[in-house]
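**Student:** For the sequence shown, position 327 matches number 373 in my numbering, and the numbering has no gaps at all.
Misleading hints may appear alongside valid ones.
[Said to hold, decoys possible] Below, in silico cross-link-like pairs of lysine to any residue (SDA-like), each with a Cα-Cα straight-line distance of 25 Å or less:
| id | residue 1 | residue 2 |
| --- | --- | --- |
| 1 | Lys423 | Asn493 |
| 2 | Lys334 | Val516 |
| 3 | Lys526 | Leu398 |
| 4 | Lys523 | Lys423 |
| 5 | Lys489 | Ile510 |
| 6 | Lys334 | Gln521 |
| 7 | Lys167 | Lys334 |
| 8 | Lys423 | His365 |
| 9 | Lys489 | His130 |
| 10 | Lys423 | Pro496 |
| 11 | Lys489 | Ala394 |
| 12 | Lys400 | Ile492 |
| 13 | Lys523 | Leu339 |
| 14 | Lys334 | Ser405 |
| 15 | Lys489 | Lys167 |
| 16 | Lys400 | Ile386 |
| 17 | Lys423 | Ser139 |
Calculated directly from the structure, the hints in this document are not laboratory data. Keep in mind it's a predicted model, so treat the numbers as computed, not measured.
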Amino acid sequence: MNRDIDETPRTSCEVPSSPFPEKLAPKSSAPSILEMSQSPTLVDIADRAPDGGMRAWLVVLGSFLIHSFCFAPTEYIFGMFENHYLELYPSASHGSIAFIGTIGSSTTYFAGFVSGVAADKFGYRTTALLGTAIMAIALILASFASQVWHLYLSQGVLFGFGASLVYYPGIGAPSHWFDAKRGFALGVAVSGTGLGGLALAPVTQALMDAVGVGWTLRALALFCVIVCGTASFLIVERESGKKVKEPVAMTDVEIGAISEKLASSVPEKKPTGLVVVKAFFAELKVFKDPQFLSLTCAEIAASIGFLIPMYYFQTYSLHIGLTAQNGALIAGISSGASCIGRIALGFAADRLPKTLVVSVCAWMTAGSILIVWTLSKSFGVYLVFAIIYGFFAGGYVSLVPLVVSETFGSHQLSTVIGFMYAASGVGMLSGAPIAGMILDSTKPNINYLPVIMTAGGTLLLGAICVTAWVFFRRQDKKAKRDMVVTPSTVSTAPASHH
47 MNRDIDETPR TSCEVPSSPF PEKLAPKSSA PSILEMSQSP TLVDIADRAP DGGMRAWLVV
107 LGSFLIHSFC FAPTEYIFGM FENHYLELYP SASHGSIAFI GTIGSSTTYF AGFVSGVAAD
167 KFGYRTTALL GTAIMAIALI LASFASQVWH LYLSQGVLFG FGASLVYYPG IGAPSHWFDA
227 KRGFALGVAV SGTGLGGLAL APVTQALMDA VGVGWTLRAL ALFCVIVCGT ASFLIVERES
287 GKKVKEPVAM TDVEIGAISE KLASSVPEKK PTGLVVVKAF FAELKVFKDP QFLSLTCAEI
347 AASIGFLIPM YYFQTYSLHI GLTAQNGALI AGISSGASCI GRIALGFAAD RLPKTLVVSV
407 CAWMTAGSIL IVWTLSKSFG VYLVFAIIYG FFAGGYVSLV PLVVSETFGS HQLSTVIGFM
467 YAASGVGMLS GAPIAGMILD STKPNINYLP VIMTAGGTLL LGAICVTAWV FFRRQDKKAK
527 RDMVVTPSTV STAPASHH
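My request is simple: use the sequences and hints to build the entire structure.
**Tutor:** What follows is the structure, encoded as structure tokens:
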């Protein structure tokens, strides 16, 4: 069970830091004690998430289905497209083809702010349905592409934007329905990414062999409408506002504390532009935190190398004498291992120190590339690499939000994650194309060793940055323990508080 994401037990007299304060805040800027005791802010807060039930698990199913597809054409099965696009466009380089997928992935992250605003204004279901339509249109347009830049706009930018409109409601909806079981629910939801890759990789390859790239893209568009369209009707926010039968009685001290919280949380005036600007720059103080800087550097470094193994599963398979079908099978099994890793390592992180689990994931991911991929000259060894890489890389990706929450608290989670994901989007955009250019530079005698070293080196740098974060984390905890004032200190040196 994930205890890092706002799982503190609450009574009806506590005011949480909800991500939707505008729905909870009272209209009056100075409520009386009687108004406060009858306010929906105090009464509704006991309306906890159900943590189960048919409706809640259908939301998780919807999120699972969204994850199973929205990243597939730009990440988990893009290796199949890479190989066929190189055949369709013989004058194109490995780097220029890889750029199609990285544009799509990066757009999905960069467009997150638009998706968030759309989801808040129009609702999760409407936003996800719009994203589904855009993804399907993008794949159909890509099926008629006659030049590589057509694919940049269709399978890249347009599909990535549609995926963003689907992904953010999909990842946000389960949190409306789960509190104590939120970690498990999210783990099940994001595991759809791995299972989607496991199923779609060999199916995509079979379709390409049978009907070609164009009809494969159209088939994926139809699959998108069915799967993500169904999922869009399943994900929905939970309506709050149910009254509790018997609110817990409040003492005068509790009422006073809540009155103070409400007074501070509800501004008497609408914030001016200057206030908003000041608040934005106040958030930038996180850039002075060495923990934030080390984690962000880890994200940037890891994102550069993260997609490289996935994009080259099939072309590397052909390079060592395997078939395209072997490459698709290896890619699919790696996605399946990623699914297992996300769940198993998330389970481990609930019971072991997260610093330990994340560090193991980071170092094992880098080591699998630098050692096992380097030695992969046969189907068996390459499959072992794909399994190890998928398991630990998938676990690392799923644990990042948890360690951010543990480090900075839930009140800063959105800000910190936003900064980090924007930074990682830059790395993701450039990583695979750079690897492609490096590979092209080895022609006519293609050599994958520089590509392997590039991927492994960036992930190794990421692991070093994670280790630095662990060090700064321990230093921060030690400093906070040293700041704790003992009762004897209070009685003998009250001035030490100031």
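**Student:** A separate judgement is required for each hint: does it hold in the structure or not?
**Tutor:** Each hint, compared with the structure:
{"no.": "1", "hint": "Lys423 to Asn493", "in the structure": "13 Å, holds"}
{"no.": "2", "hint": "Lys334 to Val516", "in the structure": "17 Å, holds"}
{"no.": "3", "hint": "Lys526 to Leu398", "in the structure": "22 Å, holds"}
{"no.": "4", "hint": "Lys523 to Lys423", "in the structure": "46 Å, violated"}
{"no.": "5", "hint": "Lys489 to Ile510", "in the structure": "32 Å, violated"}
{"no.": "6", "hint": "Lys334 to Gln521", "in the structure": "15 Å, holds"}
{"no.": "7", "hint": "Lys167 to Lys334", "in the structure": "33 Å, violated"}
{"no.": "8", "hint": "Lys423 to His365", "in the structure": "9 Å, holds"}
{"no.": "9", "hint": "Lys489 to His130", "in the structure": "19 Å, holds"}
{"no.": "10", "hint": "Lys423 to Pro496", "in the structure": "16 Å, holds"}
{"no.": "11", "hint": "Lys489 to Ala394", "in the structure": "44 Å, violated"}
{"no.": "12", "hint": "Lys400 to Ile492", "in the structure": "41 Å, violated"}
{"no.": "13", "hint": "Lys523 to Leu339", "in the structure": "17 Å, holds"}
{"no.": "14", "hint": "Lys334 to Ser405", "in the structure": "23 Å, holds"}
{"no.": "15", "hint": "Lys489 to Lys167", "in the structure": "52 Å, violated"}
{"no.": "16", "hint": "Lys400 to Ile386", "in the structure": "18 Å, holds"}
{"no.": "17", "hint": "Lys423 to Ser139", "in the structure": "24 Å, holds"}
The structure shown violates the earlier hints numbered 4, 5, 7, 11, 12, 15.
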